[in-house]
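J.: Sequence:
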Amino acid sequence: MTFRNRFAMAHAHRACILLGLVLTISACGASNPAAAPSGSPAAAPTTAPTTAPTEAPPTAVPTTAPTDTPPTPAPTAVPTIAPTVAPTVVTSDPLTGAPALARGALQQRPIVVMIDNHPNAYPQAGLDKAAVVFEALAEFGLTRFMAIYAPGITPEATSIGPVRSARLYFVQWAMEFRGLYVHAGGAPQALELLQNTASLVDVDALFRDRSVYFTRVSQRAAPHNLYTDSATLERALRSLAPEPFADPNIGFLFKTDAPLDVRPPSRRIEYFFIYREDPAGWTYDPTTNSYLRLRRGRPAIDAVTGQQLRVKNVVVMEVPEAPIPGDDKGRIEQKVIGSGRARVFLDGIEREVTWRKDSPDDRLLFLDASGNEIAFNPGQIWIVALPSLENLTVS
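Note that the sequence shown covers residues -30 to -1, 1 to 365 in mature numbering (1 follows the signal peptide of the UniProt record, and there is no 0).
Treat the hints as calculated values from the structure; they're not laboratory data.
Just so it is clear, CB atoms sit at the ideal spot from N, CA and C, and this is done for glycine as well.
Do not rely on the hints blindly, as some may be mistaken.
Claimed, not checked - Computed Cβ-Cβ distance ranges for the label pairs, DEER-style: (1) 77 x 189: 22 to 28 Å; (2) 177 x 342: 39 to 45 Å; (3) 234 x 214: 44 to 50 Å; (4) 162 x 126: 29 to 35 Å; (5) 214 x 235: 37 to 43 Å; (6) 210 x 269: 48 to 54 Å.
Go ahead and model the full structure; you've got the sequences and the hints to work with.
T.: Dropping the structure here:
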C-alpha cells in the first residue's frame, strides 16, 4: 500500500473515531541551506525502536507505517480534588536543589529549545536540566518536546538534543517566555510567526549565521543528530539579544511541598497520544515527592547522566488537534489559544483544573474551580498536551 493510500485510509477512519493519525516519521521542516559543523556532544547513546512494541537500530527515516488501527481510549480515573495552597516564595526544591522558574525571577532571557522525540532520537540529552518541558504531538502519532532553560537559574546542560523543527502551536506556547527560540527549520506557519513576532529571538540551525550554535554528531543518522549545549546557547544569547532583560510576568507560582506524612502511596500515571501501545507516563515516589518518567512502560533516562528523568509537577492538558488541510507532510494544528480541561499532579494528588491562554503573548494559566492560579512544587514542570483526557489513566 502506498503512503498516500495509507494516509487517506487513516483520515477516513479518523472521521469515525477522531483518532486516525498513522505512526510514521515526523516531518523535518524546511530544507537545510547550510549544514551545521560536525562535532561530538557530551554523550549520544544508542537508539530506540522504530515501532511501538519492539526495539530496533536507528535509520534516518522509518521504513514502514503501523498497520493496526488506533485503539479505543481508556476512561480517565476520577480525579481527587484538593484545595489550592497559597503560594510562598520558593526558589528551589529543598531536597534535590532543582530550581523553580518563579514568577519575576528571570534576569536574562530564557532559552527555548525544540527537542526530537522520534524513536531514533532516544534517549535525549538535557531534558533533565530544563525548568519546564512541553510534550505534544508533531504528526503521525509522534511527539516532540519543547524545553525551557533559564540562564542563572537552571543548571548547565553539557548536551541538549537532538534539536528538531518548529510547529505553530509550540511557537505560540513559547512566546510568553520572550526568549531565544532554538530549532532546525519548521512548518511554514511556525516560520512565518517567528519572522513576524518581536516576542522571540529566532535561532534556526538551518540559517548560515545561526548554524555555528549547533553540532552534528556521527553516532546518529540525520536528522536525529543535531545538538547544542547551555554554554553555546548563552553565547548566542549574548550575541543576538545583549540588551538588559527583566519581565515580572514570566514564570509560575510555587509553594512548599506537602509534608511526607500526608503524601499518598505511590501512584502511576499513564497516557497515550494516538496509539495505546506507545504510552508514556510517570510513577509517583512519595519519599522524594517526585514523578519518575516512563517511556513505553520502562524508565526514561537522560543520555548524559543515564539517570531516570524525574519532575516535581505533571500537567496534562486536553488540546484539540486536527490535520492541516492540504499539508503535504501530514502536519497538524492544535488549538492552544483559548481554554480547556486539564489535570495537575503534585504531592501525589490529582487536581481537576482549567487551562487558559488568551493570546500567544499571554501566560498559560492553570486555574482551580474558584479561578485561582495553581501553585506548583519547586522544581521542574512537565506539561503534556493530549488530544483527549480519555487517553489518561491513573492507578
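J.: State for each hint whether it applies.
T.: Here's how the hints hold up against the structure:
{"no.": "1", "hint": "77 x 189: 22 to 28 Å", "in the structure": "36 Å, violated"}
{"no.": "2", "hint": "177 x 342: 39 to 45 Å", "in the structure": "43 Å, holds"}
{"no.": "3", "hint": "234 x 214: 44 to 50 Å", "in the structure": "45 Å, holds"}
{"no.": "4", "hint": "162 x 126: 29 to 35 Å", "in the structure": "33 Å, holds"}
{"no.": "5", "hint": "214 x 235: 37 to 43 Å", "in the structure": "48 Å, violated"}
{"no.": "6", "hint": "210 x 269: 48 to 54 Å", "in the structure": "37 Å, violated"}
In terms of the numbered hints stated before, the structure departs from hints 1, 5 and 6, listed from lowest to highest.
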